[in-house]
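Asks: Sequence:
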Amino acid sequence: MTEFAFTAAERQAVYRVISERRDMRRFVPDSVVPEEVLARLLHAAHAAPSVGLMQPWRIIRITDKALRNDIHTLVDEERARTAHALGERAEEFLALKVEGILECAELLVVALCDNRDVHIFGRRTLPQMDLASVSCAIQNLWLAARAEGLGMGWVSLFDPRRLAALLEIPPMRNRWQCCVWARCPSFRNGRRWSWTAGP
1 MTEFAFTAAE RQAVYRVISE RRDMRRFVPD SVVPEEVLAR LLHAAHAAPS VGLMQPWRII
61 RITDKALRND IHTLVDEERA RTAHALGERA EEFLALKVEG ILECAELLVV ALCDNRDVHI
121 FGRRTLPQMD LASVSCAIQN LWLAARAEGL GMGWVSLFDP RRLAALLEIP PMRNRWQCCV
181 WARCPSFRNG RRWSWTAGP
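For reference, each letter of the sequence shown is one residue, going 1 to 199 in the UniProt record's numbering.
Hints in this document: simulated from the structure, not taken from any laboratory. Built from N, CA and C at the ideal position, the CB exists for glycine as well. Misleading hints may appear alongside valid ones.
As the list claims (entries may be wrong) - Simulated restraints on C-beta separations: (1) Tyr15 with Leu102: 30 to 36 Å; (2) Ala90 with Ala8: 43 to 49 Å; (3) Glu3 with Pro29: 47 to 53 Å; (4) Glu91 with Val14: 37 to 43 Å; (5) Lys65 with Glu35: 32 to 38 Å; (6) Thr2 with Leu166: 45 to 51 Å; (7) Asp30 with Ala66: 16 to 22 Å; (8) Lys65 with Ile18: 33 to 39 Å; (9) Thr125 with Arg162: 31 to 37 Å.
Using the sequences plus the hints, can you model the full thing?
Replies: Shown next as structure tokens:
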């Protein structure tokens with residue numbers, strides 16, 4: 001312990017939010033994220049570590065209902081394709097709900113921006129560090145959302161080219177993730193699914 005350490009209560013809060021972070025799929029309908037809370041969450045994302053301070057992410061807030069419906073359709077179609085590819089585990093996978101995209105208070109798309117090649121520092125030998133950086137931003141969002149009592153889901157079931165077309169953004173080198181936020185009926189303990197963790 002050094003003189004720069006947080007207080008015991010502050011440290012406990014940090015470790016608690018890390019251990020209680022969950023990927024949420026069910027949200028309280030018609031809930032709202034106040035603008036001041038949204039601002040704090042986005043500030044947390046932008047405070048994430050990024051190699052060479054490149055901050056390669058762009059966060060797109062989806063407010064158009066028709067566009068949200070189109071994104072949900074895109075995700076639901078990919079869910080069916082993924083279930084088919086899983087074979088005998090298809091039924092278990094299909095139990096995963098994607099209606100959260102329609103029910104959540106906020107739908108965000110996080111993208112790696114173009115022109116990232118101008119950032120040489122830290123990327124010359126490891127160009128994928130831009131992806132590592134945007135992952136840190138998403139995790140900051142997640143932890144901050146949990147601290148605010150909000151659930152967040154991380155959605156990756158979509159064809160990025162089709163999502164880019166929906167958003168009318170050139171898909172060339174962008175990678176995309178969807179994040180959803182809203183108030184949850186509860187925060188569960190432990191894993192919901194029996195997927196095997198990585199090594």
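Asks: All hints, please: hold or fail.
Replies: Quick rundown of the hints versus the structure:
1. The hinted range of 30 to 36 Å is satisfied by Tyr15 and Leu102, whose Cβ atoms lie roughly 34 Å apart.
2. A beta carbon spacing of about 48 Å between Ala90 and Ala8 agrees with the range 43 to 49 Å that was offered as a hint.
3. Distance hint check: the CB atoms of Glu3 and Pro29 are about 48 Å apart, consistent with the given range 47 to 53 Å.
4. With their beta carbons about 39 Å apart, Glu91 and Val14 fall inside the hinted range of 37 to 43 Å.
5. About 19 Å separates the C-beta atoms of Lys65 and Glu35, a value inconsistent with the hinted range of 32 to 38 Å.
6. Against the hinted window of 45 to 51 Å, the Cβ-Cβ separation of Thr2 and Leu166 comes to about 49 Å, which satisfies the hint.
7. One distance hint, 16 to 22 Å for the beta-carbon pair Asp30 and Ala66, holds here, with the actual separation near 18 Å.
8. At about 34 Å, the CB distance of Lys65 to Ile18 agrees with the hint of 33 to 39 Å.
9. About 33 Å separates the C-beta atoms of Thr125 and Arg162, a value consistent with the hinted range of 31 to 37 Å.
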